[in-house]
Amino acid sequence: MDLAHAVLEGNRLALARLLTQVENGTVQGRQALEALFPHTGRAHLIGVTGPPGTGKSSLVNQLALQIRRSDPPRKVAIVAVDPSSPFTGGAILGDRVRMRDLSGDPGVFIRSMASRGSLGGLAHATSSVVQALDAAGFQVILIETVGAGQAEVDIARLAHTVLVVEAPGLGDDIQAIKAGILEIADILVINKADLSGVEATERALLSMLQLAHPAPRIFANQREHHHLAWDENPKDLESVETWIPPVQRTVAVEGDGVTELAGLIAQHVAYLQKTGGWEQREQARLQSELDELLRQALVRRWRDTVPEAHYTQVLQRLLDRQISPWQAVAELVNGGEA
Amino acid sequence: MAERKIRVLVAKPGLDGHDRGAKVVARALRDAGMEVIYTGLRQTPEMIAESALQEDVDAVGLSILSGAHMALVPRVLDLLRANGQENVRIFIGGIIPDEDTPRLLEMGVSGVYGPGTPTDTIVNDIRRSVLGSAEISE
Chain R
3 MDLAHAVLEG
13 NRLALARLLT
23 QVENGTVQGR
33 QALEALFPHT
43 GRAHLIGVTG
53 PPGTGKSSLV
63 NQLALQIRRS
73 DPPRKVAIVA
83 VDPSSPFTGG
93 AILGDRVRMR
103 DLSGDPGVFI
113 RSMASRGSLG
123 GLAHATSSVV
133 QALDAAGFQV
143 ILIETVGAGQ
153 AEVDIARLAH
163 TVLVVEAPGL
173 GDDIQAIKAG
183 ILEIADILVI
193 NKADLSGVEA
203 TERALLSMLQ
213 LAHPAPRIFA
223 NQREHHHLAW
233 DENPKDLESV
243 ETWIPPVQRT
253 VAVEGDGVTE
263 LAGLIAQHVA
273 YLQKTGGWEQ
283 REQARLQSEL
293 DELLRQALVR
303 RWRDTVPEAH
313 YTQVLQRLLD
323 RQISPWQAVA
333 ELVNGGEA
Chain Z
223 MAERKIRVLV
233 AKPGLDGHDR
243 GAKVVARALR
253 DAGMEVIYTG
263 LRQTPEMIAE
273 SALQEDVDAV
283 GLSILSGAHM
293 ALVPRVLDLL
303 RANGQENVRI
313 FIGGIIPDED
323 TPRLLEMGVS
333 GVYGPGTPTD
343 TIVNDIRRSV
353 LGSAEISE
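Those sequence lines, one after another, are chains R and Z.
Here the first sequence is numbered in this note's numbering, starting from 3 and rising by one per residue.
Here the second sequence is numbered in this note's numbering, starting from 223 and rising by one per residue.
These are computed hints drawn from the structure, not numbers from a lab.
One or more of the hints may lead you astray.
A few chain R residues that face chain Z, going by a derived Cβ cut-off under 10 Å, partial list only [as the list claims (entries may be wrong)]:
#1 91
#2 93
#3 95
#4 97
#5 274
Listed next, with one range per pair, are the computed distances between beta-carbon atoms [as the list claims (entries may be wrong)]:
#6 342/Z x 300/R: 39 to 47 Å
#7 292/R x 327/Z: 46 to 54 Å
#8 304/R x 338/Z: 53 to 61 Å
Predicted, not measured: the structure shown is a model, and the values here were computed from it.
Here a beta-carbon is modelled for each residue, glycine too, at the ideal position from N, C-alpha and C.
Produce the complete structure using the sequences and hints provided.
Set out below in structure tokens:
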């Protein structure tokens, strides 16, 4: 059976099986992906990340419903990543529990993935899985990361639009100015906005944005944020091309704020298309993928040229503290010259 | 990189009020190195078959306490077959009267487990039936 062909024809079982092959890194999966690659590059990839328990899955559920209601309705795929156990390699993938509203809709395809040892918030195969879904004709792909703290930022290299989902009461304003996950947000979402403390969370996030972007700027939802001190020169706004992450309150389980959020996502797409940011992100993604494959291939090729005994001997001298790790590398790569 | 993981869907069809047992089994399968897709309470057979398809699982574990197993299980089996997933193994847990067990096995269920079954038994049965069939079909 030709998997790639069946996937292009819209066969859902073939797609599901291809995703398994891709996840398992099989030759068959890779060949199918190669055949499908010319059909990729059409989907809007939306990343949804944030700490555990902030309501990412519920928000993805609501966003998918919203996209399906749009006119014309677009096909939505969801890739939901949950962590693998570092000890057994097993995983409980529970994101579907919050996505039951989407069942029975042939325009939606949900796939759960275990992180399988990857630490960046996605699995190694997530970008390949997304490519397969893109080729299969899903126009929007929502990618939900594992519950992410501060450094799980792989999603920034994969998605066109990154939503960082926070909830009230998770940290003070020092948390908000740390580097990492908040920096990758294109849109900041404060979910569970019916909980107390939402004002403090919003204030902390807005002041973080102010610290990061002290110049006058355009706000995606500037009308809603006219109270912000530096947003008082509307004439200049048209000419300014910087995207400042808007902050949107939502209550995902009720669907509150989701229409507004979908509007902000559409504005972000328009911004990316207007400024060339779309192509820029495409290039960054494919380039990092190319570099990673190149690195693997070169390491493999180089390892084939080095006798195992030589490698073991250098490693032993390193263990004996006779040489440093840098000297070891120099010896293995250039035959001893640093 | 290349690694085959056993993927199992754990679902509760029907109107059961709690999913304690299903969670215990899900946890045991996780600890045995499997990837468990957990879908929670009040799933229809259609929802279960759809999830099994999208997730390309090797096995489906159904937990049923309500007594509706003779109606729900055949429906799930039919839907899986209609989707081309006749290779997917079905395991049933929950409150199943002894006299129904042979009938369920006859329908094509791979195992039926009542309260008090050691989780190791379930883990080993799933592993054996999934890996056994994989060797034949690949």
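Here is what the structure says about each hint:
1. The beta carbon of residue 91/R is positioned within 10 Å of a beta carbon in chain Z (closest approach about 5 Å), and the interface hint is therefore held.
2. Below 10 Å, beta-carbon pairs count as interface contacts, and residue 93/R has one with chain Z at about 5 Å; its hint therefore holds.
3. Look at residue 95/R: its Cβ gets to within about 5 Å of chain Z, closer than 10 Å, so that hint holds up.
4. With 10 Å as the threshold, the beta carbon of residue 97/R comes within range of chain Z, its nearest partner Cβ sitting at about 9 Å, so the hint holds.
5. For residue 274/R, the suggested interface contact is broken, since its CB lies about 29 Å from the closest CB of chain Z, more than 10 Å.
6. The beta-carbon spacing between residue 342/Z and residue 300/R, approximately 45 Å, falls within the hinted interval of 39 to 47 Å.
7. With their beta carbons about 52 Å apart, residue 292/R and residue 327/Z fall inside the hinted range of 46 to 54 Å.
8. For the hinted restraint 53 to 61 Å between residue 304/R and residue 338/Z, the CB-CB distance of approximately 56 Å keeps it satisfied.
Violation of the numbered hints given earlier is confined to hint 5; every other hint is satisfied by the structure.
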